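Protein chains: 2
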Amino acid sequence: MPRPAQNILSPRIIAEAALGIVERQGDFTIPGIAKQLGVNASSLYHHVKGGKNEIIDLMRAVLYERIDLAPFAATDRDWRDRFAEWVRAYRASMAIFPEALSLLVRKPVDDETTLKLYNAAFELLNEAGIPTEAQVDVLTFLDILVLGSALDSMAPTPLWIPDGAEVPALARAAGHGDNPDRSLRGLEIAIAAAAEYILGLGREASSSRGS
Amino acid sequence: MPRPAQNILSPRIIAEAALGIVERQGDFTIPGIAKQLGVNASSLYHHVKGGKNEIIDLMRAVLYERIDLAPFAATDRDWRDRFAEWVRAYRASMAIFPEALSLLVRKPVDDETTLKLYNAAFELLNEAGIPTEAQVDVLTFLDILVLGSALDSMAPTPLWIPDGAEVPALARAAGHGDNPDRSLRGLEIAIAAAAEYILGLGREASSSRGS
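These protein sequence lines map, in sequence, to chains B and V.
Be aware that the first sequence starts at 771, since it is given in the numbering used here, and climbs by one per residue.
Be aware that the second sequence starts at 771, since it is given in the numbering used here, and climbs by one per residue.
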């Protein structure tokens, strides 16, 4: 006798189905997930009692749990390399489902996987000497880079089509580099600018502490 | 006799209706706009022959045409101030309808209003001495900041809820500044870091040209 469908359900299977639906449709519904998995909506609620909000958390966890945090804490390695890897890894996870960004960003970060991903970044800020009371603001800058770059990964190539408009500075610039690598090159500039800024801020804080 | 409904339609009225629907639902359909405006879908197509793509362009133009470009080109004013104002103005327009971001970002920039907004930024990069062939990459960095900050404006307060998780660096940092101003403070850090990076790159380029 086949096992009833709800026994093969798990929060993870539900989250992955939801991510797939968001990718295709920009949003998801509980009945939509149930239909895709061939179960009743009530079976889903048995596994995700928090409903849609809980599923968004699970989606975020599925996206982030593939990221190995250990290398970010390996202080024998160059800070800049580890910082760049953190931004690239977080951005790559986000860019898998950029359609989910506006859902994910509305939710507080309260699941362990995402909290630990952020904790790794706060440890990098500690290491760079950023004072505790400035770290939330600097981390927000990093969030901006990650979210923005994940969104920008959806932009078309070419991005600018200046035909006929009187935009000489744009037309001249867009002749160089408006190609499929544009988004990733922009991310690398963002990483370089952020690293420079953070290390500078850390040095300033050290010297004002007289160390 | 009342005028037929299609005579009070205009591309602008259609774009504003579409923006309102995107704000509520995350996406829009032509029949949805027609229903809201109390007209037939065929009347809409009479005004926006390009359909959904043309409406997305019009939405973007409505968002941006409120931005006065003249102050960005006033070279008697400090470059940093004008640069910061460009980023803030573009971000504020985007943050009005952050739900539309994933639609807007998929479209090439080919409408005059958006092209001119970008042209103003390329002029600021010229002024800072960024070589033409590097400008698309640097502009992409600015796009990342604007898109990311507009998305981040939808994040809740508090953003991080570390209850119980073993995330000491995060728990310590989040005690300072995880409040409703967090997103705008992060934007100001992004602007300061970007300005510093761009001016530095411009100085490097000038000195390698031997000027």
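Think of the hints as simulated: they come from the structure by calculation, not from any bench.
For clarity, every value in this text was computed on a predicted model and none was experimentally measured.
Please note that the accuracy of each hint is not assured.
If chains are identical, the list can't say which one is meant, so a pair holds when it fits in one copy or spans any two.
[Stated by the list, open to error] Below, a list of computed lysine to aspartate or glutamate pairs in the EDC-like style, where the Cα atoms sit at most 16 Å apart: (1) Lys877 x Glu936; (2) Lys822 x Asp933; (3) Lys819 x Asp838; (4) Lys877 x Asp797; (5) Lys886 x Glu786; (6) Lys886 x Glu936; (7) Lys886 x Glu903; (8) Lys877 x Asp948; (9) Lys819 x Glu869; (10) Lys822 x Asp880; (11) Lys805 x Asp881.
Each hint tested on the structure:
1. Taking CA atoms no more than 16 Å apart as the test, Lys877 paired with Glu936 passes in neither setting, with 42 Å inside one copy and 20 Å between copies.
2. For the identical chains of this complex, Lys822 and Asp933 are neighbours neither inside a copy (45 Å) nor across copies (21 Å), given an alpha-carbon limit of 16 Å.
3. Taking the shortest Cα distances, Lys819 and Asp838 never come within 16 Å of each other, neither inside one copy (29 Å) nor across copies (49 Å).
4. Taking the closest pair of Cα atoms, Lys877 and Asp797 come within 16 Å of each other only inside a single copy of the chain (14 Å); across copies the shortest separation is 20 Å, beyond that limit.
5. Proximity of Lys886 to Glu786 under the C-alpha cut-off of 16 Å is found in neither arrangement, the shortest distances being 21 Å within a copy and 41 Å between copies.
6. Proximity of Lys886 and Glu936 under a CA criterion of 16 Å is satisfied inter-copy only: 8 Å between copies versus 49 Å inside one chain copy.
7. With identical chains, the CA atoms of Lys886 and Glu903 are never at most 16 Å apart, being 19 Å at best within one copy and 39 Å at best between copies.
8. When the C-alpha separation of Lys877 and Asp948 is checked against a cutoff of 16 Å, the pair qualifies only between copies, where the shortest distance is 14 Å, while the shortest distance within a copy is 34 Å.
9. Proximity of Lys819 to Glu869 under the C-alpha cut-off of 16 Å is found in neither arrangement, the shortest distances being 24 Å within a copy and 27 Å between copies.
10. Taking CA atoms no more than 16 Å apart as the test, Lys822 paired with Asp880 passes inside one copy only; the shortest distance there is 15 Å, against 37 Å between copies.
11. Taking identical chains as interchangeable, the C-alpha atoms of Lys805 and Asp881 are never at most 16 Å apart, the minima being 27 Å within one chain and 41 Å between chains.
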